[in-house]
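Turn these sequences into a full structure, and let the hints guide you.
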Amino acid sequence: MSHGFETLAIHAGQDPEARTGAVIPPIYQTSTYAQDAVGAPREGYEYSRSGNPTRDALQECLAALEGGPVALAFASGLAAEDTLLRTVCKPGDHVVIPDDAYGGTYRLFAKVAERWGLAYTPAKVSDPDAVRAAIRPGATRIVWVETPTNPLLGIADIAALAAVAHDAGALLVVDNTFASPYLQQPIAFGADVVVHSTTKYVGGHSDVVGGALVAADRTLGEELRYHQNAMGAVNGPFDAWLTLRGIKTLGVRMDRHCDNAERIAAYLDGHAKVGQVIYPGLPSHPGHEVAAKQMRRFGGMISFRAAGGEEHAVQICNSTRLFVLAESLGGVESLIEHPGRMTHASAAGSPLEVPGDLVRLSVGIETVDDLLADLEQALG
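The working numbering puts the sequence shown at residues 26 to 405.
Don't take every hint at face value.
The following label-pair restraints were derived from C-beta to C-beta distances [what the hints assert, rightly or not]: (1) Gly142 - Ala258: 41 to 49 Å; (2) Arg74 - Arg288: 39 to 47 Å; (3) Ser309 - Gln402: 20 to 28 Å; (4) Arg44 - Gly117: 49 to 57 Å; (5) Gly163 - His36: 42 to 50 Å; (6) Ala59 - Ala258: 20 to 28 Å; (7) Arg74 - Arg161: 34 to 42 Å; (8) Ala144 - Ala370: 18 to 26 Å.
Here are the simulated lysine to aspartate or glutamate pairs, EDC-like style, with alpha carbons at most 16 Å apart [said to hold, decoys possible]: (9) Lys149 - Glu336; (10) Lys136 - Asp154; (11) Lys115 - Glu139; (12) Lys298 - Glu139; (13) Lys273 - Glu31; (14) Lys298 - Glu248; (15) Lys298 - Glu378; (16) Lys298 - Asp242; (17) Lys115 - Glu248.
Honestly, the hints are just simulated from the structure, not real lab data.
All residues carry an ideal CB built from backbone N, CA and C; glycine is no exception.
Right, here's the structure in full:
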């Protein structure tokens with residue numbers, strides 16, 4: 026029997042505990058496990074880097090939500106990305122990345138992986154022809170996509186890019202952090218691997234750091250599992266438990282994030298102090314039709330450009346009262362940041378440098394009229 030998303034979020038991997046009937050999966054806060062005999066670990070558990078029942082519950086749930094056979098939970102989103110790159114790529118390989126990507130992802134490629142011998146080329150992922158042109162025949166191993174991108178909220182056509190990548194013998198990797206599996210399931214459109222910072226919408230409460238990979242192919246998934254164990258950046262049991270708790274309300278939270286973001290985007294779109302509003306839910310967004318095709322709704326992230334330039338953007342960020350000035354996103358509380366000086370400072374001077382007048386909002390689930398009033402006073 027197939028179940029709806031909200032049912033899977035509450036029940037997948039989370040059967041009542043066998044011994045006591047506890048409804049919530051226990052936190053198995055242990056490093057090691059007693060074995061029944063030499064070489065005979067009980068239910069396969071021998072050491073918590075290699076396997077932990079709490080982490081397994083989270084991984085089973087994530088696999089169900091993204092529609093893949095194997096999911097793996099990591100200590101952070103970047104730990105997941107690093108493990109993926111070193112599983113799939115070798116020195117001399119090449120990756121196409123977004124020309125508008127998360128600053129930490131860019132730093133991983135530019136400052137870490139490139140020194141290891143992995144080349145990369147930024148490309149506009151909303152343009153399949155640009156991605157195709159960036160591919161190096163015989164060398165490109167991965168086409169790496171964010172959709173929506175961070176922070177300019179570009180939209181990539183997942184199905185079109187899957188065809189481009191597969192024609193070149195490459196894998197399509199989709200960072201689904203901004204959308205969450207509730208709004209978008211990239212494997213259904215041809216993606217080979219889905220990446221998450223579970224710190225964000227999946228966890229949803231700004232109280233835990235984590236990451237995940239979901240593979241569309243079981244063989245690749247088991248290769249990733251081997252490297253997860255070999256490299257060791259696993260999600261701890263308490264972090265896994267917190268993330269599972271967050272997942273249970275993912276659907277209802279995302280609907281409220283979207284409701285609030287739609288109201289705020291419409292308000293900003295008509296404001297004299299705002300030069301441009303970037304939100305996939307606006308018909309003026311160049312990726313609106315593609316987003317409508319592959320997303321359930323348009324998400325809780327909004328970027329806008331301050332009409333008064335960079336100093337005005339900084340002033341707005343410093344003036345809000347409910348929107349908390351902070352990095353990260355996807356929590357129940359609303360956040361505001363200046364990407365150029367905060368999350369994307371590492372991309373300064375590169376092809377991924379973001380405009381200085383850009384402000385990024387992570388719209389929370391507060392009363393939307395209160396959020397609108399806060400932005401009104403901050404815009405001045």
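So, going through the hints one by one against the coordinates:
Between Gly142 and Ala258 the CB atoms are about 21 Å apart, so this pair departs from the stated range of 41 to 49 Å. Between Arg74 and Arg288 the beta carbon distance is about 45 Å. The supplied range of 39 to 47 Å therefore holds. A hinted range of 20 to 28 Å holds for the C-beta pair Ser309 and Gln402, which are about 26 Å apart. Checked against the hint of 49 to 57 Å, the C-beta distance between Arg44 and Gly117 comes to roughly 51 Å, which is consistent with it.
Checked against the hint of 42 to 50 Å, the pair Gly163 and His36 passes, with Cβ atoms roughly 45 Å apart. Separated by about 26 Å at the C-beta atoms, Ala59 and Ala258 satisfy the suggested range of 20 to 28 Å. Between Arg74 and Arg161 the Cβ separation comes to about 36 Å, which falls inside the hinted range of 34 to 42 Å. Distance hint check for Ala144 and Ala370: the Cβ-Cβ separation is about 24 Å, which falls inside the suggested range of 18 to 26 Å.
The suggested pairing of Lys149 with Glu336 is violated, with an alpha-carbon distance near 28 Å, which exceeds 16 Å. Between Lys136 and Asp154 the CA atoms are separated by roughly 27 Å; this puts the pair beyond 16 Å, and the hint is violated. A threshold of 16 Å between alpha carbons decides the hint, and for Lys115 with Glu139 the separation of about 11 Å falls inside it, so the pair holds. This hinted pair does not check out: Lys298 and Glu139 have alpha carbons roughly 41 Å apart, beyond 16 Å.
With a C-alpha separation of about 7 Å, the suggested pair Lys273 and Glu31 falls inside the 16 Å cut-off, and the hint holds. In summary, the hint linking Lys298 to Glu248 is not supported, as the alpha carbons are separated by about 51 Å, beyond the 16 Å threshold. Proximity of Lys298 to Glu378 is assessed by CA-CA distance (about 23 Å); at most 16 Å being required, the pair is judged violated. Distance check on the hinted pair: Lys298 and Asp242 sit about 48 Å apart at the alpha-carbon level, beyond 16 Å; violated.
Simply put, Lys115 and Glu248 have alpha-carbon atoms about 14 Å apart, close enough for the 16 Å limit, and the pair holds.
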